Each structure stands twice: as structure tokens, then as C-alpha cells.
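Protein chains: 2
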Amino acid sequence: MSFQKLDELCRRLDALDHAIAILGADEATHMAVGGGEARAEAMSVLAGMYHRQATDPQVEEWIGAAEAEELSGDQAAALREFRRRYVNLTCLPAEFVERQTRSRMRCEQLWRELRARNDWAGFAPALDGVVAMAREEAQLRAEALKLAPYDAMMEQYDPGNRVADIAPVFAELKAFLVDFVPRALAVQAERLAKRPLKALSGAYPVERQRELGLAMMAAVGFDMTHGSLSISHHPFCGGVPTDVRITTRYRTGEFLSSLMGVLHETGHALYEQGLPREWAHWPLGKARGMAIHESQSLFVEKQIGRNPAFWRWALPVVEQHLGEAWTLPDILPHVHHVERGLIRVDADEVTYPLHIILRFELEQELISGRLATADLPEAWDAKMTEYLGLSTADDPANGPMQDVHWPSGAFGYFPSYTLGAMIASQQWAAIGRDIPDADAEIAAGRFDAINDWRRERIWSQGSRWSTPELITRATGEPLNAEHFRRHLEKRYG
Amino acid sequence: MSFQKLDELCRRLDALDHAIAILGADEATHMAVGGGEARAEAMSVLAGMYHRQATDPQVEEWIGAAEAEELSGDQAAALREFRRRYVNLTCLPAEFVERQTRSRMRCEQLWRELRARNDWAGFAPALDGVVAMAREEAQLRAEALKLAPYDAMMEQYDPGNRVADIAPVFAELKAFLVDFVPRALAVQAERLAKRPLKALSGAYPVERQRELGLAMMAAVGFDMTHGSLSISHHPFCGGVPTDVRITTRYRTGEFLSSLMGVLHETGHALYEQGLPREWAHWPLGKARGMAIHESQSLFVEKQIGRNPAFWRWALPVVEQHLGEAWTLPDILPHVHHVERGLIRVDADEVTYPLHIILRFELEQELISGRLATADLPEAWDAKMTEYLGLSTADDPANGPMQDVHWPSGAFGYFPSYTLGAMIASQQWAAIGRDIPDADAEIAAGRFDAINDWRRERIWSQGSRWSTPELITRATGEPLNAEHFRRHLEKRYG
Chain Y
892 MSFQKLDELC RRLDALDHAI AILGADEATH MAVGGGEARA EAMSVLAGMY HRQATDPQVE
952 EWIGAAEAEE LSGDQAAALR EFRRRYVNLT CLPAEFVERQ TRSRMRCEQL WRELRARNDW
1012 AGFAPALDGV VAMAREEAQL RAEALKLAPY DAMMEQYDPG NRVADIAPVF AELKAFLVDF
1072 VPRALAVQAE RLAKRPLKAL SGAYPVERQR ELGLAMMAAV GFDMTHGSLS ISHHPFCGGV
1132 PTDVRITTRY RTGEFLSSLM GVLHETGHAL YEQGLPREWA HWPLGKARGM AIHESQSLFV
1192 EKQIGRNPAF WRWALPVVEQ HLGEAWTLPD ILPHVHHVER GLIRVDADEV TYPLHIILRF
1252 ELEQELISGR LATADLPEAW DAKMTEYLGL STADDPANGP MQDVHWPSGA FGYFPSYTLG
1312 AMIASQQWAA IGRDIPDADA EIAAGRFDAI NDWRRERIWS QGSRWSTPEL ITRATGEPLN
1372 AEHFRRHLEK RYG
Chain H
892 MSFQKLDELC RRLDALDHAI AILGADEATH MAVGGGEARA EAMSVLAGMY HRQATDPQVE
952 EWIGAAEAEE LSGDQAAALR EFRRRYVNLT CLPAEFVERQ TRSRMRCEQL WRELRARNDW
1012 AGFAPALDGV VAMAREEAQL RAEALKLAPY DAMMEQYDPG NRVADIAPVF AELKAFLVDF
1072 VPRALAVQAE RLAKRPLKAL SGAYPVERQR ELGLAMMAAV GFDMTHGSLS ISHHPFCGGV
1132 PTDVRITTRY RTGEFLSSLM GVLHETGHAL YEQGLPREWA HWPLGKARGM AIHESQSLFV
1192 EKQIGRNPAF WRWALPVVEQ HLGEAWTLPD ILPHVHHVER GLIRVDADEV TYPLHIILRF
1252 ELEQELISGR LATADLPEAW DAKMTEYLGL STADDPANGP MQDVHWPSGA FGYFPSYTLG
1312 AMIASQQWAA IGRDIPDADA EIAAGRFDAI NDWRRERIWS QGSRWSTPEL ITRATGEPLN
1372 AEHFRRHLEK RYG
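First to last, the protein sequences are chains Y and H. Here the working numbering is used: position 350 in the first sequence is 1241, and no number is missing along the way. Here the working numbering is used: position 234 in the second sequence is 1125, and no number is missing along the way.
One chain only, chain Y, in its complex shape:
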């Protein structure tokens, strides 16, 4: 039984996955400061073991033999997804992967050092090396997958996503936002916050904010028997589906940034906790990809957590934990604050997609070779000026040097963020059709019906469908920018 052999292989790979995930979460939360070097060594050896076992040529024979076996529908789906991952894992020669890893690591290290010094000239050659290898990688992937090069890169993160489908949707969204951002800012100017976002008492103690975060996590559906909340420098969702580790960081002066972070990571966690347990060790049982994952976190953060209905329920909970009463008119201007800025990770949901579309456009040009690495700052500045009216002409650190993605070689990943935001809106629209009183449910602190809908249509589906198939099956239509546009119009227009 070759399928059985693959099942045993999946168990071995999943054990390594488990170890790497927990060691990674532990590193950012509980590890002793001096433990980093040995931890990095252990994790890299484990990752090597994973790769060697996952890409063993014998595995291809097992896949072929298993495809000839009599399989249930689930088994056949598991095998399809397994083959897809195997092809994606094995389409680069080992020699190439080693060269690329060295080039990426060197560039990331330089990036940490030179970004702080705003030194584009020193950084550009290293980045150019990574770009050159990314072009080569895209060609290798394209040949193996019979896809266009940039599509082949996206395929790693969101199977089935194609430029031909996404580019028009992003173009439509861009046209809307370039016009909409100034309108949203004008509207905002008329309803400026009267109460500043800070504790009247001067501080909201960390322990109370933590209790508030835990209460909110539990309320929106986080299974506290299968996960936990810790502190880390950068918030993340890690661990494994049976033990999801989410983190936040606290500012004692205000509670909103930490709470919104907790809700965002809770969205990721709900997806992980809702994955099909019986296929947990197979790729079929894992989350579909980055865009869908981001859609689940943004759903909880933006569609639920920044929904005024949510705050009707949440304000008494905040008061109970922090001992201060906030009113809707006082808190909503902060929850819905819009601001043009240079930095993607600080952006709000209105301006964020313009940061992404800029990168999506530039990285296609980079991969195709139409844009040279050396010309990036100028191209970046031109788009930043056009889309957000801000210049980065003399500020590459806040321009093309701001993200770790390109130095680390992750081309084709950026679109996932804005696709996630669009999918979250589309999901909310679909839920609105099936659960007409969704706002009232949320205002009453009831999230079960909404979570059941998402569990059935998204979480429990694991990696059964491609990203576009999953969107269509879950929401009844292909990706449609209109839902996100309407969402922004309603909230900020």
C-alpha cells in the first residue's frame, strides 16, 4: 500500500513540523536570551531533515503507485494535494536552493544593518543578487508547473492565484482608492476624535489588558483548551492546531493596539483550530494558503473587531477589565482612524492596499527583468507619489528597504495581504445573505452562527481546493473587488 507509506511519511513530516512550530513560538516567547544560537542550529537541522525526507525521490514512486490504488474521495484529495506540494518542493535543484539560501541570508543580514543606516547604495548589490536568483527560481518553477514565472512564484503561497485574475481586480481597486483616500480623510476631518486614545488614569496595567484580551479571544471563539496568549516583540500566530500560540505586545498608555492585535491573531488561530483533525498530518489538513489565512485574521480584526456593532458589545467588557467607560462616539474615531503614511505595517485598511498594489506591480517588473534593482527607489517613489501623494525620494529605508520580504527572497507573497482583505469583505457579504442579523448577533456578543458558517465553508476544508475555488465555493462567486469597495465606502465614505 503506497498510500499507507505516504501516510507514515506524513506522520514523520508532521512531527518535524510540530517541533519546528513549537520551537519557533518558544523562541519568541519563553527562550532564554542566550539560547538563540543552539536553537537556530537545531531548527536548521530539523528543517534539513524535513526537506530530505519530503523530497526523497522514492516519494515520487509512492505517489505514482498510490494514484493507481483504490482510494476514497478524501484519500484521493489528500494525494492530489500531496503531489502538488511535492512538485513545488522538488522543482528546484538542491544546489540551487543552497546557493539561494546563502544569498538570502547574506542579504537579510545586510538589510538589518543597512536599513538602519538608510544605505541603499550598500544594500542594492546584495538585493540584486537575490532578485537575480528569484528570476532564475521563477523560471525553474514555471517550467516545472507549466505556469508563467510570476504565477509560479505566487503558487507557493496561494495555489491557483494568477496574475490574469488578480491584476484587473487590483487595478479596479487602485483606481477606486486613489480617489477614495482623500475623500475618507476629508470625512474623517469632520468627525475627529474628541477623546484622545489614552488611559484617563495614565495607564492600563499589562495584566488587566491581558485579561481583556483573553476574554475577547474566548468570546469570539478561540478554544482556550487548544491554545494560549503570550507576549512577544512582534505579534504572531504560531504553534500547531491542537496548541495555537498567539502573542501580542502591550502599551500601557492605551489598550486598542494590543486588543486589535489579539483579535487579528485570534482570526488566524480560529482557522488553525478549525482545520480537519483527521487529516492533520497530511497537507490536505493544513491551511490553504497565505491569502485565505490573512482573510481569516482580517475577518476577525476588521469585519468583526472594527465593526461598530462589535463595540456595542465590547465597551462594557472593556470597562469591566480596565475600569474605564468609553462611549461609541469616543472610541470609533480611533478604531476607524485613516492616515497616509510611508510604512505598510502601520497602515490602516483604507491605505494598506495601495502599499500592496505598489509592491505587486513592482515585483512583477523585477521578476520579468523589465525593472532593474538599481532603479527600484525611483520607481517606488513615482508610484508612492501617484498612489498616496507621498515621496520617498531621499528615504529608501522607508521606501524599497522597508520590508524583509524581498531581501529574504519572498516574491509573490505581498498580494496575499490585500487578497485577504478582499476575501474577508466578500465573506462578510456572503454571511450577510445567510445570517441577515449578523450585526445584531455581534452586538449581542454571539459569534457562534458566524463561526459555524466559516468552519463549515472554510476552516474544515483544509487544502481541499485551490484558493480561487475555495473563494467561489465559500462565498458563491469568484473574487470580486466590489465587496471590499462597498465595505470601505460604508465605513469610511
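No wet-lab data here; the hints were simulated from the structure. A few of these clues could be false.
Cross-link-like lysine to aspartate or glutamate pairs, in silico, DMTMM-like; alpha carbons within 20 Å at most [as the list claims (entries may be wrong)]:
| # | chain 1 | residue 1 | chain 2 | residue 2 |
| --- | --- | --- | --- | --- |
| 1 | Y | 896 | Y | 952 |
| 2 | Y | 1089 | Y | 1070 |
| 3 | H | 896 | Y | 1286 |
| 4 | Y | 1274 | Y | 1286 |
| 5 | Y | 896 | Y | 986 |
| 6 | Y | 1274 | Y | 1239 |
| 7 | Y | 1274 | Y | 1252 |
| 8 | H | 1381 | H | 1081 |
| 9 | H | 896 | H | 908 |
| 10 | H | 1381 | H | 1070 |
| 11 | H | 1085 | H | 908 |
| 12 | H | 1177 | H | 1114 |
| 13 | Y | 1177 | H | 932 |
| 14 | Y | 1177 | H | 928 |
| 15 | H | 1177 | Y | 928 |
| 16 | H | 1177 | Y | 932 |
| 17 | Y | 896 | H | 932 |
| 18 | H | 1274 | H | 1286 |
Partial pick of chain H residues on the chain Y-facing surface, computed with a CB cut under 8 Å [said to hold, decoys possible]:
| # | residue |
| --- | --- |
| 19 | 923 |
| 20 | 926 |
| 21 | 983 |
| 22 | 1131 |
| 23 | 1133 |
| 24 | 1134 |
If we take Cβ atoms under 8 Å as the criterion, some of the chain H residues that face chain Y in the derived model are [unchecked claim]:
| # | residue |
| --- | --- |
| 25 | 903 |
| 26 | 931 |
| 27 | 1367 |
Remember, predicted model here, so these are calculated numbers, not experimental data. For each residue, glycine too, the CB sits at the ideal point set by N, CA and C.
Using the hints provided, position chain H relative to the given structure of chain Y.
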């Protein structure tokens, strides 16, 4: 270069070791309650990977080839210890190990259930199965190692320890203790504690006790950049040398039990943190064995932590953290409390060795077949009555059912505890020769000279010597019961 191949194998094995150690510590401290099943699965798969790689027949060829290579003194030592471990790991057939694992797991599960019900009759057949397999194991090990069966079992835990050396020392200690325990109790009756061991204010908050524990850990030498203190149900020392995880549990009514636990685990941690870093991934760089490990924890707990000199320094630190002043005459009766009891893990340093000697004697009889499992309760009761004047005739749960060691198949492990106590005393005596003012150092809160002595002679030696060799080299003489006897006489006589 076969040595190089072994070095690479050691890196792979050490990465798995690292993962298993951190996953184990995490399980007892930070894991979500529902994460246990997947964690157990992952750890068992990783342990299987470790075993397969460590016992690969190819490894034997590499060892043989490496032995013919030109090696440095350190490399030769590393290779010797590697071969020793390889032989210990491979001397049982895989089929036997699987049968034994099943038998042990079933017996351990039954033990948890039936100990609570004091059901010896239900438990005995399962234990007898484990004993039968331990006899078989001892034969297999004896043949592979050319040792007597029980010696071959001890060899797993303390290389070089032999019944011929230990039995006379234990016999001498037993004769002394059977006579000494009543004397110590009589002495104690004359200086009973005047102040009960409890907080005047009713409670010592956990957070303050934790700060006290951290202060003590740091003071006695725990490197806080390479380890941490958490809470767990059973205190332990785990993790890896670069990130040692120790734990304790707190009772808010008194501070002594938690603090003594912290000092005990700190002793284990100092050993781990002091191991030779350059050989960390080889067996040579690991701790020598259970007796030496226990000697390091007992050194910090008993030789330092229960030394009256220590409390001269410690009481102001306790007051600073807990806000209550204790005097030496008030605290010492609690620090030195002696009590006859049925339960080994609750025993003090005077009565503890009698619990161990009883088990050491009985398990030799069990392994040799001279004692049948069915006759254990009677044999236990006879010895318990003779050594401590207590009967377990109708109480097998507090007799031969009290420990998990036998149900889990760990025969040959028990002697380590009392050997550790004896080695700790012998070490203290040797330090007293080299550092005549050791008491004054401790009373001043200075532990550097004592730690330097131990680092040089014990910690940095890793697994370079057998247990008896290490004792002799570190203290200048073979194991000698006299030091422990004198220690007890001085403190309790």
C-alpha cells in the same frame, strides 16, 4: 573521514535531542491542556527518528573506521564515549524493545489507576510482566557488555558503577542509619521548632516567592541568560544547556518547600550550564549520569541550601522579598526536620537512603529471580519494618506500588539517588580541604570559588570519565560512605 561523519550524525541527533527536551519542558509548563495527544505523537515519532539514526548499522562501521584515524586526545575521548553509548543503545533487538515498550506502557497506565485504589492483586501480573522483561533485558545487556546482569542495568544510568563496589558502601551506611535515625529523632525532640513554618501574614504571594527564588538562583550561580524558572506540577530541570528550564511549585502558606525545590533544580542546572560547550553535540559533552547529576542538585540543596552558614546570608534576602524576618533558631529546625515516613519522595536526607537501600536490595533480588514479584509486598514490609520501624503490610500503595520506576521498567536507577547524596558530601569534604573558609564564603553569599572548583573538576568534564573515575579524580578518593556519615552526624547527631 569517519570521525567527521560521526560529528555530522551527532549534530543531527543533538537537534532531535534539543527538540525533544524543549517539547518536554514546554509540555509541563506552557502547553495548552488539549495539546497533549498531538505532542505525545510528535515526541514519539522524533524519539523513533533518533533511535533509528543512532542505531543504524552503518554507524558501527564509522566508529570502527574512526578508531583507525589519527585523532586528538579529545576526539579519542569523544569516540570512546560514543562507542559506549552505541553499544548500550544497540544491545537490545528492536523486536524486544517494542515488546518491552508496550509492556511498560500498559503497566504504567495500570499503575496510575490501581495505585489510587491500592489494588496490588490487580497490578501484580502487569508488574510481573515488566519484571520478566527486565530480567531478559539484564541478560541481553550483560552479554553485550560482559557484565553481571544488574551491573549491566546500572550501566545505563551510571557507567562504571558495580554492585561489588556499591553494596558494601550501602551496607555500611544502612548499619549506621538504622542506629542513627532514632538518635537523630531524639536530638530533634529536644530542639523542636518554636515558630511554625507559616507566613505570619497568612500568605507569601507566589510572585514574591518567585522573585525570591530567582534571586537565590542567580546568587548561587545560575546563568539567567541561559535558562529560566517556571511553574509545573512536579518540579524538574529540563531544556538544553544553553537554555535550562527549571520549575517549581508554590504553596502560599510557607516558602521553604518551594525555595528548597528551586535550589535543588538549580544544582542540576549549574551542571548543565557548566558542560563543555565545544562538545555539546557529542555524548562526551553531556552530563555523566544520574548519580553525578543528583550529586550536583543535592550539593546545592543539602550541602549549601541546608547549611546553617547559608541561612546567615539567606535570611535577610528572604526578609527583603517576603517582608518577614526569620531568625536562625526559628528556621533551622524546619530546614533540618527529620521524620520517619513511608514515602520516599517526602523523605529527608537522614531517612531517604534507607528507602533507597531497600529498593536496591529488592531489585537485585527481582532481577536475579531470587524474589518473585508476587512476594514483593511481604519482602518490602519486612525491610521497611527493619530499617524504619514502619509497616506497609496492608498498604501496598505506599509500599512497592509507590514509585513509577518499576512499572516503567527502570531497574538499576534507584541507587543513583543515594550515591548522589554521598558524592555531594564527599565533594563538600574535598572542597573543605581546598577552600578552608567555604562556610564563611557561603555565609557572605559568595559562591564563585565553590562553583569554580566544581566547574573545573566536574561540570567541564562532561562524560570524559566513568562515574567512579570522575568521583576519584574530583575528590581524590573513591566513593567513601564516611563523608556522608560525618555530614549527618554533624548536622543531626
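Against the structure, the hints come out as follows:
Under the criterion of a C-alpha separation no larger than 20 Å, the hint pairing residue 896 of chain Y with residue 952 of chain Y is consistent with the structure, at around 11 Å. Between the alpha carbons of residue 1089 of chain Y and residue 1070 of chain Y the distance comes to roughly 32 Å, so the proposed pair goes past 20 Å and is violated. Under the criterion of a C-alpha separation no larger than 20 Å, the hint pairing residue 896 of chain H with residue 1286 of chain Y is inconsistent with the structure, at around 50 Å. As the CA atoms of residue 1274 of chain Y and residue 1286 of chain Y are separated by approximately 14 Å, the hinted pair is consistent with the 20 Å bound.
With a C-alpha separation of about 28 Å, the suggested pair residue 896 of chain Y and residue 986 of chain Y falls outside the 20 Å cut-off, and the hint is violated. Between residue 1274 of chain Y and residue 1239 of chain Y the CA atoms are separated by roughly 19 Å; this keeps the pair inside 20 Å, and the hint holds. Taking the CA atoms of residue 1274 of chain Y and residue 1252 of chain Y, the gap is about 9 Å. The hint holds against a cut of 20 Å. Proposed proximity of residue 1381 of chain H and residue 1081 of chain H is supported: the alpha carbons are some 16 Å apart, at most 20 Å.
For the given pair, residue 896 of chain H sits about 18 Å from residue 908 of chain H by alpha-carbon distance, which is consistent with the 20 Å threshold. Taking the CA atoms of residue 1381 of chain H and residue 1070 of chain H, the gap is near 15 Å; set against the 20 Å cutoff, the hint holds. Among the hinted pairs, residue 1085 of chain H with residue 908 of chain H is inconsistent with the structure: their alpha-carbon atoms are about 49 Å apart, more than 20 Å. As the CA atoms of residue 1177 of chain H and residue 1114 of chain H are separated by approximately 18 Å, the hinted pair is consistent with the 20 Å bound.
The suggested pairing of residue 1177 of chain Y with residue 932 of chain H holds, with an alpha-carbon distance near 17 Å, which does not exceed 20 Å. Distance check on the hinted pair: residue 1177 of chain Y and residue 928 of chain H sit about 18 Å apart at the alpha-carbon level, within 20 Å; holds. With a C-alpha separation of about 18 Å, the suggested pair residue 1177 of chain H and residue 928 of chain Y falls inside the 20 Å cut-off, and the hint holds. Distance hint between residue 1177 of chain H and residue 932 of chain Y is fulfilled; the C-alpha atoms sit about 17 Å from each other, no more than 20 Å.
Between residue 896 of chain Y and residue 932 of chain H the alpha-carbon distance is near 17 Å, which keeps this suggested pair within the 20 Å criterion. Simply put, residue 1274 of chain H and residue 1286 of chain H have alpha-carbon atoms about 14 Å apart, close enough for the 20 Å limit, and the pair holds. Hint on residue 923 of chain H holds. Least Cβ distance to chain Y is approximately 4 Å, under the 8 Å limit. The beta carbon of residue 926 of chain H comes within 3 Å of a beta carbon in chain Y, closer than 8 Å, and the hint placing it at the interface holds.
The interface hint given for residue 983 of chain H is broken, as the beta carbon of that residue sits about 23 Å from the closest beta carbon of chain Y, more than 8 Å. Interface restraint check: residue 1131 of chain H against chain Y, minimum CB-CB distance 6 Å, threshold 8 Å, status holds. Taking 8 Å as the C-beta contact cut-off toward chain Y, the hint placing residue 1133 of chain H at the interface holds, the least distance being around 4 Å. At about 3 Å, the closest approach between the beta carbon of residue 1134 of chain H and any beta carbon in chain Y falls short of 8 Å, and the interface hint on this residue holds.
The interface hint given for residue 903 of chain H is met, as the beta carbon of that residue sits about 6 Å from the closest beta carbon of chain Y, less than 8 Å. Nearest Cβ of chain Y to the Cβ of residue 931 of chain H: about 11 Å, over the 8 Å cut. The hint is violated. Hint status for residue 1367 of chain H: violated, given a least beta-carbon distance of 34 Å to chain Y, over 8 Å.
In this structure, the earlier hints numbered 2, 3, 5, 11, 21, 26 and 27 are contradicted, and the remaining ones agree with it.
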